[in-house]
Amino acid sequence: MAELLRLRGLIKRFGGLVATDGVDLTVQEGEVHALIGPNGAGKTTLVHLISGALRGNAGSVFFAGEELTHAPVHERVRRGLVRSYQVTSIFTRLSALDNALLAVQAAAGSSMRFWTPVRTERAFTRDARALLMRVGLLDRAEVVAGTLAHGEQRKLEVALALAARPRLLLLDEPLAGLGPEESLHMVELIGGLAGEVTIVLVEHDMDAVFKLAHRISVLVSGRIVATGAPDEIRSDARVRQAYLGDELGSAA
Amino acid sequence: MGVQLDHPLHAAVALPLLAALIVFPFVVLAIDEPFYVVLASRILIFALVATSLNLLVGFGGMVSFGHAAFLGAGAYVVAILMQHGVASAWIAWPAAVAVAALAALAIGAVCLRTRGVYFIMITLAFAQMVYFVFVSLKAYGGDDGLSLASRSVVAPGIDLNSDTLFYYVVLAFASTGFFLFARLVNSRFGRVLQGIRENETRMEALGYAVHRYKLGAFVLAGATAGLGGALLVNQNELASPGTLSWTQSGMLLTMVILGGVGYLWGGVMGAAALLLMEELLAAYTIHWQLGLGLVLLAVVLFAPNGLATLARAAGPGGRDG
Ligand SMILES: Nc1ncnc2c1ncn2[C@@H]1O[C@H](COP(=O)(O)OP(=O)(O)OP(=O)(O)O)[C@@H](O)[C@H]1O
Ligand SMILES: [Mg+2]
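Chains L and Z supply the protein sequences, listed in that same order.
Residue numbers for the first sequence follow the numbering used here, so the first one is 1 and each next one is one higher.
Residue numbers for the second sequence follow the numbering used here, so the first one is 1001 and each next one is one higher.
It should be emphasised that the hints constitute simulated quantities derived from the structure, not laboratory data.
Keep in mind it's a predicted model, so treat the numbers as computed, not measured.
Glycine included, each C-beta is placed from N, C-alpha and C at the ideal position.
Incorrect hints may appear among the rest.
[To be verified] Here are some, though not all, of the chain L residues that point toward chain Z, as calculated from beta-carbon distances under 8 Å: (1) V73; (2) H74; (3) V77; (4) R93; (5) L94; (6) S95; (7) A107; (8) M112; (9) W115; (10) T116; (11) A164; (12) E181.
[As the list claims (entries may be wrong)] According to the in silico footprint, chain Z covers these stretches of chain L (three or more CB under 8 Å from chain Z): (13) 21–27; (14) 81–92.
Could you build the full structure based on these sequences and the hints that come with them?
Here it is in C-alpha cells:
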C-alpha cells in the first residue's frame, strides 16, 4: 500500500496549552485509520491541522506526495483531502437538496460563472439527489436542513463531505449523538465507503472503531502513544493504562 | 425559516414595469409636471446603487457601511475629468467605473479579512478616509464640492442636458444593470455568494475559494456604484462630499433594509420608497426624517424582511423575491 498522508512533527499551541505535541502519523492509501483518545486529547485539533482550518506552529503535512502544510482549506479539498465536522456544520436555512446542490456545484469546476441559472444545470440536481440517496435522505430532500432530526443532520454532514469526491475523508465523530439504530446505519455507510476512499476516523464508539478500522492510533495529551492493528492496540499495556481501560473488555 | 436560493425574474412583473417607465415621461410632460422626470431619474440611479449594495449585504452577507465611497468616487472622477476638459461620457463614465472598481479591489482586499461588526467598522473607516481625501482637495472644490459646467457629452444631437433624454439613458443603464443582477444571483456565482452568507466555513470546506468570490462581488458592487456615481453627478451637475459621507452609506443601507435584504427587488423597492417618502414628507415639513423614522418602524414591525416580502405575499409570483 502506498502512503497517502504523512504528518511530521506537527505542533499546535493554544497559549500555554500544547494541543498537538509533535505528531508523526502516516496513513496508507485505502485504509480506515481510527484516531482515538480521551476527551480533550487533541483529536479535533489534529483534524483541523490536517484539513487546513488551523495552521500548526511547527511540522509539516504531506498529502499524495505533495507538501500542503501552508495550503488553504479549499486547495486541500480540491486535491481530495476532505473533512466532516464533529459539530454539525450544514446550511441550516436551506433545504437538504440545496445543501447537496451547493456541495455538488463545488466539485463541478469553477463557479466564476455569472450568466446561466444553476436551476437549469440538470446534472447538478441529478448528482445532488444521488448524494442524498446514498446517505438515505432522498425522501427528506425538500425539508429545511435545520429542522431535520439530529441523526439526519449527521447524515447530511457526511453527504456534504462525500460530494467533494475525497481521496482521504476525515470523519470527526460521525456517530456523535446518534441513537443505536442510527449508529448502525452510519457504521454501515462508512463501511461501504471504506472500499473506495481512505478514511481517518475519529470516534469514541469502540464497537464502531474495532469494526471499521484497519489500524488505530491512540492520542493522549496531544501525543500519539501507540499505532497498530486493532489487536495490537487492544493488548497494548500503555494504551490500556492511558485510555482504554475497561472499555476494551466490552468492545472485545 | 427556510431560504430559497432561486430568485426568478418574472417577465409578467418586469416587462409591464419597464413599459410603464418608458412611457412615463410622455405622461408627466402631458400633464406638465416635468419635475417628476428628474425625480424618476434619481430613483432609478439609487435603485441601481442600492441593488449593488444588496448584492453584498443581502446575498453575500457582507454588511458594508462604506458603499458611498464608490458612489462618490464615480461622481468625482466625472467631475474632475470635466474640470480638465474631458467632457466625453465615453471616456469619463468608463473611467468612473474603473476607478470605483480599483478602489473596491484595494479596499475589499483589506476589509474582507474581517467579518461581522469588524467588517462594518472597517468599511466605514475606509469610506471616511476617501471622504476626507476629497474634502481636503481644495483644487477640486473641497467642502463645497465640484460643479459640472454641463452634463457629459455623448454625441452630436444627443444632449444629456435634456432631462428627458437623460432619463432614458439612466433607464437604459438601470434596467440593464438590474437584468444582469437577476442573472447573476441565480448563476453559479450567485449561489456561491448565498452559500457564503449561510455558512462561510462550510463553503470553504466544500472546496470554494471563498475569499475570491467575496472579493469578486465586492468589486462588482463597487463598480456598479461607480457607474451610479457617474450618473448621479450628471443628474445633480455637482460632485459633493455629501455623496461620499457616512450618512449617504447609511441611506443606502436603509434603502436595502427597507426594501428587503436578499430579495431581488429589495434595492429597487427600498430606493423608490425612501426617495418618494423624502419627496412627499419634505413638502410638508423639514423634519421629514422623523416621518421616515416612523415609517421604518412600521416596516420593521409589519414587514420585518422588507417591502419586497409584502409584494411577494400579494403578488402573482408566489415565491419570487
Ligand atoms: N481554539 C482553541 N483555543 C484554545 N484551546 C483550544 C482550542 N481548541 C481546542 N482547545 C483545547 O485543546 C485541547 C484539545 O482539544 P480538541 O478539541 O482537539 O480535543 P478532542 O480530542 O477533539 O476532544 P473531544 O473528544 O472532546 O472532541 C483541549 O484542551 C481544548 O480545550
Ligand atoms: Mg473533538
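To see whether the hints hold, each was checked on the structure:
1. V73: holds (5 Å)
2. H74: With a closest approach of 5 Å, the L/H74 hint holds.
3. V77: Holds, because the Cβ-Cβ distance from L/V77 to chain Z comes to roughly 4 Å (cut-off 8 Å).
4. R93: holds (4 Å)
5. L94: holds (6 Å)
6. S95: Since the shortest Cβ distance to chain Z is 7 Å, the answer is holds.
7. A107: holds (7 Å)
8. M112: holds (6 Å)
9. W115: holds (5 Å)
10. T116: Hint on L/T116: holds, closest Cβ of chain Z at ~6 Å, below 8 Å.
11. A164: holds (5 Å)
12. E181: violated (27 Å)
13. 21–27: violated (count 0)
14. 81–92: holds (count 7)
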